[in-house]
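Starting from the known structure of chain A, fit chain B onto it as the hints suggest.
If you read the sequences in order, they're chains A and B.
Here the working numbering is used: position 125 in the first sequence is 125, and no number is missing along the way.
Here the working numbering is used: position 277 in the second sequence is 277, and no number is missing along the way.
Worth flagging that the hints you see were computed from the coordinates, not collected in a lab.
None of the values given here were measured: they were computed from a predicted structure.
Backbone N, C-alpha and C define an ideal beta-carbon position, used for all residues, glycine too.
Wrong hints could be hidden among the right ones.
Said to hold, decoys possible - For lysine to any residue, the following SDA-like pairs were computed, each having C-alpha atoms within a straight-line distance of at most 20 Å:
#1 LYS191(A) - LYS351(B)
#2 LYS167(A) - GLY301(B)
#3 LYS167(A) - PRO187(A)
#4 LYS191(A) - LYS228(B)
#5 LYS173(B) - LEU76(A)
#6 LYS173(B) - ILE68(A)
#7 LYS228(B) - LYS351(B)
#8 LYS173(B) - LYS167(A)
#9 LYS400(B) - TYR140(B)
#10 LYS173(B) - ALA63(A)
#11 LYS173(B) - ASP66(A)
Claimed, not checked - Chain A residues, not near chain B, derived (Cβ > 12 Å throughout):
#12 PRO88
#13 ALA136
#14 ALA157
#15 ALA162
#16 GLN164
#17 LEU178
#18 ALA180
#19 HIS194
#20 ARG199
#21 ALA211
#22 ASP236
#23 ALA251
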Amino acid sequence: MLTSETVRLPSGRSWHVFGGGTGAPLLWLHGPRGVDAADPLLEVLAARHRIIAPLAPGFTDLAELDEIDSVHELALDYDDLLRGLKLPALPIVGHSFGAMTAAELAAHFPERASRLVLLAPVGLWNDAYPVADLFAVPSAQMDDVLWHDRAARDAYAARMAAAQEDKVEQMIAVTRNLTALTKYLWPIPDKGLHRRLRRIAAPTLVMFGTADAFVPARYGEDFKKAIAGAEATVIDGAGHMLPYEKTPEIAAAIERFLARN
Amino acid sequence: MKFHFFHLMPYPNLPPDFRDKYPSVWVDVPADLFDPEQGNRSYAEYLDELEYADTVGFDGICVNEHHQNAYGLMPSPNLMAAALARRTTRAKLVVMGNSVALYNPPTRVAEEMAMLDVMSGGRLVAGFPVGTPQDTVFAYGQSPATLREKYREGVGLVMRAWREPKVFSFNGKYTQLRYVNVWPRPVQKPHPPVWVPGGASVETWDWCVENDFLYANLSYFGYQEAQKVLDGYWACVDRHNLPRNPYRAGFLQFVGVADSDAEAERLYGEHAKYFYRNCLHVAGGYVNPPGYTSIATIRAGIESQIARIAGRANARAEIATLTWKDFVDRGYVVAGSPDTVVAKLTELGDKLNVGHLMVLLHFGNMPRDTTLYNTTRFAKEIMPRLRSRFGDWEDKWWPKDEIAHPAQPQPAAVA
Numbered sequence: 001m002l003t004s005e006t007v008r009l010p011s012g013r014s015w016h017v018f019g020g021g022t023g024a025p026l027l028w029l030h031g032p033r034g035v036d037a038a039d040p041l042l043e044v045l046a047a048r049h050r051i052i053a054p055l056a057p058g059f060t061d062l063a064e065l066d067e068i069d070s071v072h073e074l075a076l077d078y079d080d081l082l083r084g085l086k087l088p089a090l091p092i093v094g095h096s097f098g099a100m101t102a103a104e105l106a107a108h109f110p111e112r113a114s115r116l117v118l119l120a121p122v123g124l125w126n127d128a129y130p131v132a133d134l135f136a137v138p139s140a141q142m143d144d145v146l147w148h149d150r151a152a153r154d155a156y157a158a159r160m161a162a163a164q165e166d167k168v169e170q171m172i173a174v175t176r177n178l179t180a181l182t183k184y185l186w187p188i189p190d191k192g193l194h195r196r197l198r199r200i201a202a203p204t205l206v207m208f209g210t211a212d213a214f215v216p217a218r219y220g221e222d223f224k225k226a227i228a229g230a231e232a233t234v235i236d237g238a239g240h241m242l243p244y245e246k247t248p249e250i251a252a253a254i255e256r257f258l259a260r261n
Numbered sequence: 001m002k003f004h005f006f007h008l009m010p011y012p013n014l015p016p017d018f019r020d021k022y023p024s025v026w027v028d029v030p031a032d033l034f035d036p037e038q039g040n041r042s043y044a045e046y047l048d049e050l051e052y053a054d055t056v057g058f059d060g061i062c063v064n065e066h067h068q069n070a071y072g073l074m075p076s077p078n079l080m081a082a083a084l085a086r087r088t089t090r091a092k093l094v095v096m097g098n099s100v101a102l103y104n105p106p107t108r109v110a111e112e113m114a115m116l117d118v119m120s121g122g123r124l125v126a127g128f129p130v131g132t133p134q135d136t137v138f139a140y141g142q143s144p145a146t147l148r149e150k151y152r153e154g155v156g157l158v159m160r161a162w163r164e165p166k167v168f169s170f171n172g173k174y175t176q177l178r179y180v181n182v183w184p185r186p187v188q189k190p191h192p193p194v195w196v197p198g199g200a201s202v203e204t205w206d207w208c209v210e211n212d213f214l215y216a217n218l219s220y221f222g223y224q225e226a227q228k229v230l231d232g233y234w235a236c237v238d239r240h241n242l243p244r245n246p247y248r249a250g251f252l253q254f255v256g257v258a259d260s261d262a263e264a265e266r267l268y269g270e271h272a273k274y275f276y277r278n279c280l281h282v283a284g285g286y287v288n289p290p291g292y293t294s295i296a297t298i299r300a301g302i303e304s305q306i307a308r309i310a311g312r313a314n315a316r317a318e319i320a321t322l323t324w325k326d327f328v329d330r331g332y333v334v335a336g337s338p339d340t341v342v343a344k345l346t347e348l349g350d351k352l353n354v355g356h357l358m359v360l361l362h363f364g365n366m367p368r369d370t371t372l373y374n375t376t377r378f379a380k381e382i383m384p385r386l387r388s389r390f391g392d393w394e395d396k397w398w399p400k401d402e403i404a405h406p407a408q409p410q411p412a413a414v415a
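If we strip away everything but chain B, and leave its shape as in the complex, we get:
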């Protein structure tokens, strides 16, 4: 099993009455709630935390892309990954990822990711999400009727730009380019491994399997609720007559490690509440515009996680009333003593069959010391006990071609 430290970079200072006073944390969150000095401190802390995860042995460190969102201060994950490329040496940079349909032309993604792969000496994992409707449809003005087609065409262009050894022309429906010739070229040949973070769209599964992309379910509602989604994915893998290699799947889980289950509540409870109360407070109209979810997915009865809570008035009200016990009982948060956490993550691994476990060890407005404490305990007491799981499988979705002795930062002395 591999372990990845995932950071959402939430804005930590939303007012206590945020839910009552404002309609949404996303799309039209008020500008005057953002204090640049707080932002400056948050970026510094969050990058410290990601860098720390590298030093304590996480396999990957993950950043992602959100727009006009107070729980994700990363409109450009590539900027964060660039900062991390300079200050980390071992962990892979898992950029989860770039919403390809939002870049014009999409070769911008091929270029920036190639830069990251070269800067990091071949440590990039390239994530290509469709992107949430809040990000793509509302913040970036994409028509939901054409978003997925545009995304797939864009991903195809990026892949071809990495693979083709010569200049080529691209005559697409959404992008036309006379000269495609990405410089620099990625270290990894023919390209970095591709991961597709998805909510739950039935057509995404087939597409991932057909293209040999890893499928990652990024959920805030824990492993118990993800069963239906992962079952659907593995059934799709079966239909393609492929083995259920756990390394072709990823999953995201909140985890809090402490001396005891009671101590976990004391350390992490308040910050989990901040996340579920404020960070998931998304206006119902922004979560499921017509056309974003395909008719096939509607028929399959699968709903995105955010749509499920924000799209229904009762679920929207309920989320604010949940207690720490609810978070833990429902598996939204895996928390407690090391034995408890290992037992639950073992269950997660068994049930979902995921080889790539992404963990959120920073919750909502968690301060740096608590995050580093949680990160240390996870790395020292949890990872070693789960590391050997799925050891018989080959991980074909992981960087292989690294530069043996990549250049290191060499601060220049004043002459």
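Looking at chain A on its own, in the form it has when it is part of the complex:
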């Protein structure tokens, strides 16, 4: 179970940061639903790493977005946090929007990342295989786009319900988090990342599920081509929420990649 704390920076900006585990630090940048204190993937990674999992701007309070006008300022915001936490270069693992943020951070500040793992990253665009318009999916059907594995989806929903029992507050949290995403992903999620990926210096692993209905797995090859030396793999039969659908496989792949010389 991760614990959370509020980190106040000299600028006045405060961050809600989840943490746990022991070992070398690892930065986790979450996907569309925020940080889950009982995240099973992080539980595995926490055996060998000190997990630092900040909530993306807007996920605590939409007013946080007022001072962040673009992905450039988003990268600066994370740089401020890492500076405030006095963290050295460290592995950065991100999922979905968090993987896009990880790529932006590593492209803006190449020295921040020692390794980069991008799980189903958004951030690129190809007319031939467009990213699905998640924001035009009625909320009741959104999980059909994000998930492929029904059991994993139900288990995740149960954990979310346990963390927040009030149904209205649950819905408001989902809406708030998606609103924060629209600031960067709307209407086309590539905000110039394709021009910046070349700046990433860290060894990079990109993973997609073959059944990702939000970001087609073909984007894995596009990330691989744009980042020097990057590797791309696909996980059979996983959807966009692959960290929770194929947790042991993803955890093992991350550990192998981080342990490599």
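Chain B alone, transformed into the frame defined by chain A:
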């Protein structure tokens, strides 16, 4: 009470199986359903109808802005208002309005509206809607996270561009301009009255009241369903310690006048069905993207009218099954004999306390003759009986500075 003839300019020839065959009337409505020759006839008819409303005594004639929408053929309401400025002389031109966040820079709105005010001799009412998510978020690519902030900054810029007597610089978050200096300048000083058509956002009410803008609830679901929205607005007016002047509110209502209630169904029933079945057939995903509705509005339990029907599968299916009796019983459409219509509009005025009544007398695919008939009867038999309502209140949201003898069209003869 003032009366305004509102036209949506719907495309009248959607196929009978439109609902079953196509997902949405808005955003991704198929291009091949549009026949330019039909469009040509429709624009001519619809402008005729608006011009006719001017001649029979309506206070205002209203046009509005929608994009990629088969029930609103007005991506640019300003083009329609420009045509009307030349061919009308009395009715105010109520442009309801320009979605300011969609114009770059927003001073374009200040310029075009100033042109309309000058061309019409000072008859412009300037409407500034946020715009529906279908128009703004989906058709025009605005992020719902920043749409409202951008809109408010833009409206602030337009107002300042009209008010300030000298060139100024504008250093905004969404717009930066070194030289703002709108030419031509509006006839009305310091600017035309501002109306804000809104669905139902709690923060819009405060903003309207604080800025002295009229708040108009543009609904297709009639006065009975609008009670909660108008109650919220008037409670907001109370909180600001202002009198409940009915002229700071507007409301839109479908109305059909006939010899009898049964005759109303015969004349208007089919066209009302066309509107509710086809024109409100909007794909559920386009009506409520995350962030469009503020968290405060979600907490207040208020839902936009389109979201309410399109966002819920059961309501979406139900709308296609509604009968004329349902439309009338629920107040979506006020229709019947003049006595029936007067009674219901009296009830509307009492309950909602609105001084500016906008009426939709053209429904869906209504032909010109029926529209003109309905318009004539409304003007001659309904308006005079309601005109004196709210007569004790001063209407401060209405054009005042008109040019006494504005230039008229003078077709030049061949020399």
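Consistency of the hints with the structure:
1. LYS191(A) - LYS351(B): With a Cα-Cα distance of about 49 Å, the restraint between LYS191(A) and LYS351(B) is violated, given a limit of 20 Å.
2. LYS167(A) - GLY301(B): holds, 14 Å
3. LYS167(A) - PRO187(A): violated, 29 Å
4. LYS191(A) - LYS228(B): It is violated: about 41 Å lies between the C-alpha atoms, which goes past 20 Å.
5. LYS173(B) - LEU76(A): holds, 18 Å
6. LYS173(B) - ILE68(A): holds, 11 Å
7. LYS228(B) - LYS351(B): OK: LYS228(B) and LYS351(B) at ~11 Å, within 20 Å.
8. LYS173(B) - LYS167(A): violated, 35 Å
9. LYS400(B) - TYR140(B): Not OK: LYS400(B) and TYR140(B) at ~34 Å, beyond 20 Å, violated.
10. LYS173(B) - ALA63(A): Distance ~15 Å between LYS173(B) and ALA63(A) Cα, so the pair holds.
11. LYS173(B) - ASP66(A): holds, 10 Å
12. PRO88: holds, 33 Å
13. ALA136: The assertion about ALA136(A) is violated, with a minimum of 4 Å to chain B.
14. ALA157: holds, 18 Å
15. ALA162: Non-interface label stands for ALA162(A): nearest chain B Cβ at 23 Å, farther than 12 Å.
16. GLN164: Its Cβ never comes within 12 Å of chain B, the nearest being 15 Å, so this holds.
17. LEU178: The claim breaks: LEU178(A) does not keep its Cβ more than 12 Å from every Cβ of chain B (closest is about 3 Å).
18. ALA180: Incorrect as stated: the minimum Cβ-Cβ distance to chain B is 7 Å, not above 12 Å.
19. HIS194: HIS194(A) clear of chain B: closest Cβ-Cβ about 19 Å, beyond 12 Å.
20. ARG199: holds, 25 Å
21. ALA211: holds, 21 Å
22. ASP236: Non-interface label stands for ASP236(A): nearest chain B Cβ at 29 Å, farther than 12 Å.
23. ALA251: Holds, because the least Cβ-Cβ distance between ALA251(A) and chain B comes to about 30 Å, which exceeds 12 Å.
Of the numbered hints stated above, those contradicted by the structure are hints 1, 3, 4, 8, 9, 13, 17 and 18, listed in ascending order.
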